[in-house]
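Chain order of the listed sequences is C and A. Using my numbering, you'd call the opening residue of the first sequence number 1 and step up by one each time. Using my numbering, you'd call the opening residue of the second sequence number 1 and step up by one each time.
No lab work stands behind these hints: they were computed from the structure. The structure presented is a predicted model; accordingly, all values stated were derived computationally and were not measured. Be aware that a few hints might be false.
To be verified - Just the calculated beta-carbon pair ranges, DEER-fashion:
id, chain 1, residue 1, chain 2, residue 2, range
1, C, E145, A, P219, 35 to 41 angstroms
2, C, G130, A, L186, 31 to 37 angstroms
3, C, R146, A, R17, 41 to 47 angstroms
4, C, G211, A, P219, 56 to 62 angstroms
Claimed, not checked - Looking from chain C toward chain A, a few residues come up when the C-beta cut is under 8 angstroms (computed):
id, residue
5, L69
6, R93
7, R97
8, F103
9, D105
10, E122
11, H127
12, V129
13, L253
Here a beta-carbon is modelled for each residue, glycine too, at the ideal position from N, C-alpha and C.
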Amino acid sequence: MSPPGRQPLLEVRDLRKHFPIRRGLLSRVSGWVRAVDGVSIDIFPGETLALVGESGSGKTTAGRCILRLMEPTAGAVRFDGQDLLALGPRDLRRMRRHLQVIFQDPYASLNPRMRVGTIVREPLDIHRVGRNRAERDAMTRGLLERVGLDASAMRRYPHEFSGGQRQRIGVARAIALRPRLIIADEPVSSLDVSVQAQVINLMLDLQEEYGVAYLFIAHDLAVVERIADRVAVMYLGRIVELGTRQEIFKNPLHPYTRALLQAIPIPDPTRARERTVLRGELPSPAAPPPGCRFHTRCPVVFEPCATLDPPLVEVAPGHWAACHLVPGPAGGASRP
Amino acid sequence: MTVDRSRADRSSLLRSRLSLLVGAALVGLLVAAAAGAPLLSRVVGYGPFDQVVPRDVAPPTPPDRDHPLGTDALGRDLLSRLLYGARISLLVGVLAELIALGLGTAVGAVAGYAGGRLDAFLMRATDLVFAFPTPLLALAIIAAIPEPESAPILRRLPFPSVGVVFLVLGFIGWAGIARLVRAEFLRIRGREFAQAARAAGAGGARVVLRHLLPNAARPLLVAGTLGVGGNILMEAWLSFLGVGARPPLPSWGTMITEGQELFLARPWVCIAPGLAILLAVLGFNLLGDGVGDLLDARREPA
Chain C
1 MSPPGRQPLL
11 EVRDLRKHFP
21 IRRGLLSRVS
31 GWVRAVDGVS
41 IDIFPGETLA
51 LVGESGSGKT
61 TAGRCILRLM
71 EPTAGAVRFD
81 GQDLLALGPR
91 DLRRMRRHLQ
101 VIFQDPYASL
111 NPRMRVGTIV
121 REPLDIHRVG
131 RNRAERDAMT
141 RGLLERVGLD
151 ASAMRRYPHE
161 FSGGQRQRIG
171 VARAIALRPR
181 LIIADEPVSS
191 LDVSVQAQVI
201 NLMLDLQEEY
211 GVAYLFIAHD
221 LAVVERIADR
231 VAVMYLGRIV
241 ELGTRQEIFK
251 NPLHPYTRAL
261 LQAIPIPDPT
271 RARERTVLRG
281 ELPSPAAPPP
291 GCRFHTRCPV
301 VFEPCATLDP
311 PLVEVAPGHW
321 AACHLVPGPA
331 GGASRP
Chain A
1 MTVDRSRADR
11 SSLLRSRLSL
21 LVGAALVGLL
31 VAAAAGAPLL
41 SRVVGYGPFD
51 QVVPRDVAPP
61 TPPDRDHPLG
71 TDALGRDLLS
81 RLLYGARISL
91 LVGVLAELIA
101 LGLGTAVGAV
111 AGYAGGRLDA
121 FLMRATDLVF
131 AFPTPLLALA
141 IIAAIPEPES
151 APILRRLPFP
161 SVGVVFLVLG
171 FIGWAGIARL
181 VRAEFLRIRG
191 REFAQAARAA
201 GAGGARVVLR
211 HLLPNAARPL
221 LVAGTLGVGG
231 NILMEAWLSF
241 LGVGARPPLP
251 SWGTMITEGQ
261 ELFLARPWVC
271 IAPGLAILLA
281 VLGFNLLGDG
291 VGDLLDARRE
301 PA
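Please construct the entire structure, taking both the sequences and the accompanying hints into account.
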């Protein structure tokens, strides 16, 4: 699944996060919500991997587990060859400067009681970048200007800014430490379309400038097509298809990916289109369907789907899919 | 914000302004009386302990030109005693609340941030405090210290009998504050700015002090203000029962006790301190409500 000859920056192997469902007086565990149920992905330096799926598919949970804002139930996360899950609190805090995050809601992600200058400077303060406060203030000014805000923003509070400006502040905070990977959790989903484009362009410019890699979590495939190098499609806690942007958009193999793609609006009223509307809702991750998890909603379901869980197999170099209708190459390696 | 407020919104805003205004005025009056007691009593012309009634008149004397609130059973000027009483009420009310806020914030912060077993343990400790009615608990603890003047630590305070009251009230009041802080922390901890701080590498102390506490300050301010009023009432009640400030200290509660036998024939001896207690407690309650409503109205979208 990797472009050959390069070491991945981030390796995620069989990541699982199961939340206990507690019931009754003694809060006995009566079941598990399998929010993330065996996800494996690689991210290479300077690339953008988009993680797409419906709400509830587990993409946000996967992102938080990689950042260790949540402790995963099982699996391995290696960053630059180092096992993040094995790090103690001190080492983890030191490691965090290389991995930053941009959140979805620019209204919730900035502390309303802090001035913007303090918010953006905080990562620099924590990791004691620069010789003194004055130097960090100068860096903060530069960061705000880099994301297109006036340096006078430093003394103002977050509520004085628009959604798009707030998200720029979030981006400035995320790049303050020159991280090598930024996990962007739906960074533009709550913005107007015109503002979305500005923030996406800013993120692309910064990637070119600093060579930062993005794990771009999204449900909007139109945005993904603009920014992603590779795309991983998630359904009910698992990756069902993974490939380059060209492969996913031109040659989608999994019926779920196809349905997602057909849901993108095309701004051309004269063009007729085939459209598969998915029936029903996302099943509960507390009781995922047996066999293929997608079979309850799949338009092309057939006999083995209800009983056999299709493995994720490499169909073409770098293009993986988990579907019984997709024949793997003879002896095709199936991922664990 | 340029959002049009509906009429209902506006009238409730007006009401909260009014309670803020009246509350601030009453509390201001109390603070002025307490701070200015020595000066004001000099203007009045009598100290709180001076027996000012001539020998040929039987105290208590009713209000007159010389003594606007009258004198008490021992012939002391009631206005002067009332002014000094404000010092005791305010001192006990504020100090007890500061102790409660300090302890409660520390416990609530640890419980709300750490979670798990420590949280469960600390919350059971607050349950233990809540299991007893506050007045009875305070009474029981204070009754267990019969001689505050000779008790360790307490005897070093300027007025041991007053010191024991604010210490006990403070050490009971923490439980409510701890619950409040914990609940606020649980709410704020999951917000994205707190997550962002952790993702940036912030340690527990930074997350708590710079991100969680400042965002929990509003309800704490309201609870603290209301708490001062509650403490003033509790101090008066304990002093009334005779376990708080000891005579001849002019606590408002003590003054009511001293006047209660005379109440039917000489009502002014009780009415003055009674009204003072009422207005002080009312003042803090109105101020607390007003501050809370005002902060709510200005709250930016969460």
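How the hints compare with the structure:
no., hint, in the structure
1, E145(C) / P219(A): 35 to 41 angstroms, "holds (38 angstroms)"
2, G130(C) / L186(A): 31 to 37 angstroms, "holds (35 angstroms)"
3, R146(C) / R17(A): 41 to 47 angstroms, "holds (44 angstroms)"
4, G211(C) / P219(A): 56 to 62 angstroms, "violated (45 angstroms)"
5, L69, "holds (5 angstroms)"
6, R93, "holds (4 angstroms)"
7, R97, "holds (6 angstroms)"
8, F103, "holds (4 angstroms)"
9, D105, "holds (6 angstroms)"
10, E122, "holds (6 angstroms)"
11, H127, "holds (6 angstroms)"
12, V129, "violated (11 angstroms)"
13, L253, "violated (34 angstroms)"
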